[in-house]
Amino acid sequence: MLLITGVVAAAILIVAVLPVIWGMVGTFSSASAATDRSMRTDYKIVTTYADYSTGTVNGAYVTVWLKNIGTARIGTAELSGADVYVGKTDNFVRSTRGTVSRNTASYWAYVLYDLGTGNNVWEPGETLQIDTFTDEITAVNQVVYFQFTLPSGVSRSAEFTAV
1 MLLITGVVAA AILIVAVLPV IWGMVGTFSS ASAATDRSMR TDYKIVTTYA
51 DYSTGTVNGA YVTVWLKNIG TARIGTAELS GADVYVGKTD NFVRSTRGTV
101 SRNTASYWAY VLYDLGTGNN VWEPGETLQI DTFTDEITAV NQVVYFQFTL
151 PSGVSRSAEF TAV
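Read in order, the letters of the sequence shown correspond to residues 1 to 163 in our numbering.
Possibly wrong hints are sitting among the right ones.
As the list claims (entries may be wrong) - Here are the simulated DMTMM-like pairs of lysine to aspartate or glutamate, each with C-alpha atoms no more than 20 Å apart in a straight line: (1) LYS88 - GLU126; (2) LYS44 - GLU159; (3) LYS44 - GLU126.
Since the hints were made in silico from the structure, they are not lab data.
Model, not experiment: these values are computed from the prediction.
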């Protein structure tokens with residue numbers, strides 16, 4: 001009788017606990033992969049430039065160059081899904097990916113300078129140029145705030161002066 005009770009208890013324990021353990025293993029595995037990807041993704045803002053317009057449309061045409069210094073390759077889907085924030089330090093907006101011109105604020109585009117691969121992937125060591133226009137900058141020598149955030153949450157920002 002004691003043997004039968006032990007076997008039944010063991011079977012109940014296996015049926016109840018094993019699915020929970022396997023579910024936790026899957027969760028830990030996907031969290032570990034996401035953390036690994038985030039840790040391998042790194043880039044640096046190399047230089048910035050903001051050209052204040054003195055024409056009929058006030059604003060600044062902003063160009064920022066970023067260098068992939070991580071070990072991860074960043075594809076076009078991730079670049080297209082990135083967020084760009086630009087404007088004054090106390091009043092900036094999220095730009096939408098599109099065609100950049102001096103009369104349409106809050107659009108951004110990118111140019112990828114690859115190392116001759118031509119694969120449209122931002123590889124380690126390659127440079128990415130971000131172009132955008134902001135009408136928040138209304139004079140020369142105003143401070144421009146810029147932030148680039150990938151869908152993975154890796155983000156870099158800079159403040160610089162419009163000329």
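Right, here's what the structure says about each hint:
{"no.": "1", "hint": "LYS88 - GLU126", "in the structure": "29 Å, violated"}
{"no.": "2", "hint": "LYS44 - GLU159", "in the structure": "14 Å, holds"}
{"no.": "3", "hint": "LYS44 - GLU126", "in the structure": "11 Å, holds"}
The earlier numbered hint that this structure contradicts is number 1, and it is the only one.
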